[in-house]
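Please take these sequences and the hints and turn them into a complete structure.
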Amino acid sequence: MHQIGEAAGRVGLSLRTVRYYEEVGLVVPSGRTDGGFRLYTEDDIDRLALVKQLKPLEFGLDELRQLLEVRDRLVDEDDPDVRRDLVDRLDAYADTAAERCAQLREQLARVEAVAATLRRETRLAGPRDRAEASRS
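Take any residue in the sequence shown, note its place counting from 1, add 104, and you have its number in my numbering.
A portion of the hints provided could be inaccurate.
[As the list claims (entries may be wrong)] Label pairs and their computed distance ranges (CB to CB):
no., residue 1, residue 2, range
1, T145, P231, 54 to 64 Å
2, R224, E127, 42 to 52 Å
3, R224, G139, 54 to 64 Å
4, S134, L228, 50 to 60 Å
5, Q157, E210, 14 to 24 Å
6, D147, Y124, 12 to 22 Å
7, G113, D166, 20 to 30 Å
In short, the hints are calculated from the structure, not lab data.
Note that the structure is predicted; figures quoted are calculated from it, not measured.
A virtual CB, placed ideally from N, CA and C, is assigned to each residue, including glycine.
Here is the structure:
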């Protein structure tokens, strides 16, 4: 078991963010020390990492909670009909993630084009004009 600072550090999150994820029910520590310090298992840390990875895809809190619940239920579910429903729901989240990835790729292409344009303009301006521009 790992205390909050180690768990946060391993995933690259701030302590405040990890506490917030607990507050909103996304990642709850598996235990606490006698002194009340949060303790995280490897599974908890993996869950923190997953939430961090999902954030750029702009899932809302409710969507994240539901997605995590589906994943949790799939682990222990034995009923084939319920499993099929859970897999379908998880597949829908995968489709949404893929759509949002495509949108992010389009956005990245646009900003890369802007950066390239700025770079060309910088080269055209030449060193003398750049020095004068920096003084203004």
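*List in ascending order the numbers of the hints, as given earlier, that are violated by the structure.*
Violated: none.
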